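Protein chains: 2
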Amino acid sequence: MHTLTVALGERSYPIYIGPGLLDSGLLKQHVRASQVLVVTNETVAPLYLQRVVDSLSGLRVDTLVLPDGEQHKTLDTLERIFDTLMAKRHSRTTTLIALGGGVVGDMVGFAAACYQRGVEFLQVPTTLLAQVDSSVGGKTAVNHPRGKNMIGAFHQPRAVLIDTDVLSTLPERELSAGLAEVIKYGLIRDREFFRWLQSNITALMARDPRALSKAILESCRNKADVVAEDETEQGNRALLNLGHTFGHAIETATGYRLWLHGEAVGAGMMMAAQMSEMLGWMPAEQLAPIRALLEQARLPLTPPGSMTAADFRSLMALDKKVLDGQLRLVLLQGIGAAVVTDQFDVQVLERLLEQSCQH
Amino acid sequence: MHTLTVALGERSYPIYIGPGLLDSGLLKQHVRASQVLVVTNETVAPLYLQRVVDSLSGLRVDTLVLPDGEQHKTLDTLERIFDTLMAKRHSRTTTLIALGGGVVGDMVGFAAACYQRGVEFLQVPTTLLAQVDSSVGGKTAVNHPRGKNMIGAFHQPRAVLIDTDVLSTLPERELSAGLAEVIKYGLIRDREFFRWLQSNITALMARDPRALSKAILESCRNKADVVAEDETEQGNRALLNLGHTFGHAIETATGYRLWLHGEAVGAGMMMAAQMSEMLGWMPAEQLAPIRALLEQARLPLTPPGSMTAADFRSLMALDKKVLDGQLRLVLLQGIGAAVVTDQFDVQVLERLLEQSCQH
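Listed in order, the protein sequences are those of chains C and G. Sequential numbering of the first sequence, starting at 1, is according to the working numbering. Sequential numbering of the second sequence, starting at 360, is according to the working numbering.
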């Protein structure tokens, strides 16, 4: 087992990574009082819920099973969590446990941020994407029909428990979607990791446990470093959003239904890389290896055929990275070096959108 | 004009108290970017909305008028604020302005806490209750059908602007409801202020501007001191909840419709005082002056006739002050001295409930 720490002063917490952690007793060690609510979804529940509940024996354990899918990451579903907490009379010392992917983690974290103005929660991510990204760092949210993650809070978990065994049941598409965020760390700040990924992408796609474990560890290490420096995204944390402005537009345009978050980020990163090259900021020869790696991870490289440049324009104007009317994008100066900026030639963005939407 | 400061490090902010502040230009000074959303309710809008909007000339000003009343302090109404922010494309640098009573302030504050994971907001309280209590201190929330203020956040405003002129249009009942929270400060920590209130209650009920101004100033001073010491209610801030556990039960039992919050707190404070006397903690002779002051403020002294002791038991078990199954109450050791404790004889609570519900 590997242990990392997200260093945030009194809000610091451990990330545990290893096989067989789900019912190892580690989870129970991080429950402060006698009452817990385990929230999961209908896909994960039959696979892992009972094992988690069993590992919490001796506590008052309630469970809630939500529908699966990004389209359910709404205020309405959030309300179901509050209803359960109230009906089962959970007090301010309760602990919420998020057992599932990014959707479950984001919603349970936000519910924990708001219930009685803040209770504790633990992350038990069961998708690669949640393990390498959304379960770490305390960003919680639900979607608004007009934009992704628009309603939320910064609320750090007390611990993140990553059982690498659960990846054996992960659908192919979810594996690829998770690898999009893994590749992101290489692109934005870790050229050595990018090279390692180029050498090990076949092993990762074949779910080699050692390769997956290393990819998760390096991703979490990168994420923890960035979050420790900038918890509430006043500065460099925004680099983690490479591909996300384009990606969120894709997800919103497709109703959070057709594309997985990681797939949208994959296409979004390709768009960001192309725009960086068109601006002359990234050497042209670096575009091919990025495309090759995303392709090997079986990620989409272009937005859905139904989207127009006008769709992007309209949806990106609502992105959280718009400050006082000014669109900011994460762009590359090369593999391993990203910047957040609103100082780019808008004509180039226009050309990118037109070209990306010509299928 | 008086200016107080709520001392919270980088989250410190001013409270301005005085006549004619609504359109004095002070509000605009606290807007950081070019975009604001003024949220108010249908009672306040015809009286003051235009003046506030006019005072913000030069900015992009959107407005939203909500229905009036505690029964609308829900997630559904909150969603209307998000819908407006999204439809009008407000970015992360927007400022929300809460123009109204406690319901508007609590909801707008919570919307500001969650929109894009946190934007700035200003409080412009138009009821006495909001001016002396809910607009100061950063507690924001909406109600859950099963309990008051159960879903919320700590999110401090950037400034509180209290125009004492607006009290001239306040309905009688609202004046009394506000005085409940004013009297609370005397009871929990300021015996001298309690004495001043005894001497000036007639002037206050007659809306003497100087008396009201002094009552607001002393209330805000007390509140600011308590909040500066304990922002997120880990300890003494809970003293501000004198009468609120009983009061919240009354509000929930009556569907947030029949009783104003301050009225419920008035009856709740009387119950807390009686219980304190029954426990032998507060000298018996202090009960009469408390009753007299609440009576002169035309506040109810007993819960509604429809409520039973069983109703109280059930509703109080869900109170936020329940920690791991243990009910905590704010009780008095005398006028000007309150304690938060779960160390009381439960039999006495039972007797109090039985006796309070025998109408």
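The hints are simulated quantities; they were obtained by calculation from the structure and are not laboratory data. Watch out, some of these pointers could steer you wrong.
[Stated by the list, open to error] As a list, the in silico DMTMM-like pairs of lysine to aspartate or glutamate whose alpha-carbon atoms are at most 20 Å apart:
hint	chain 1	residue 1	chain 2	residue 2
1	C	Lys28	C	Asp68
2	C	Lys88	G	Asp670
3	G	Lys447	C	Asp311
[To be verified] Some chain C residues near chain G, calculated using beta-carbon distances under 8 Å:
hint	residue
4	Met86
5	Trp281
6	Ala284
If you're wondering where the values come from, they're calculated on a predicted model, not measured in any experiment. For every residue, glycine included, the Cβ atom is placed at its ideal position computed from N, Cα and C.
Against the structure, the hints come out as follows:
1. Between Lys28 (chain C) and Asp68 (chain C), the direct Cα distance comes to roughly 25 Å. Violation of the 20 Å bound is thereby established for this hinted pair.
2. Distance restraint check for Lys88 (chain C) and Asp670 (chain G): the Cα-Cα separation of roughly 17 Å lies within the 20 Å cut-off, and the hinted pair is therefore satisfied.
3. Between Lys447 (chain G) and Asp311 (chain C), the direct Cα distance comes to roughly 17 Å. Compliance with the 20 Å bound is thereby established for this hinted pair.
4. This hint holds: Met86 (chain C) has a C-beta 4 Å from the nearest C-beta of chain G, less than the 8 Å allowed.
5. Against a cut-off of 8 Å between C-beta atoms, the interface hint on Trp281 (chain C) is violated, since the closest Cβ of chain G lies about 25 Å away.
6. The interface hint given for Ala284 (chain C) is violated, since its Cβ lies 34 Å from the closest Cβ of chain G, which is over the 8 Å cut-off.
Checked against the numbered hints listed earlier, the structure breaks hints 1, 5 and 6; every other hint is satisfied.
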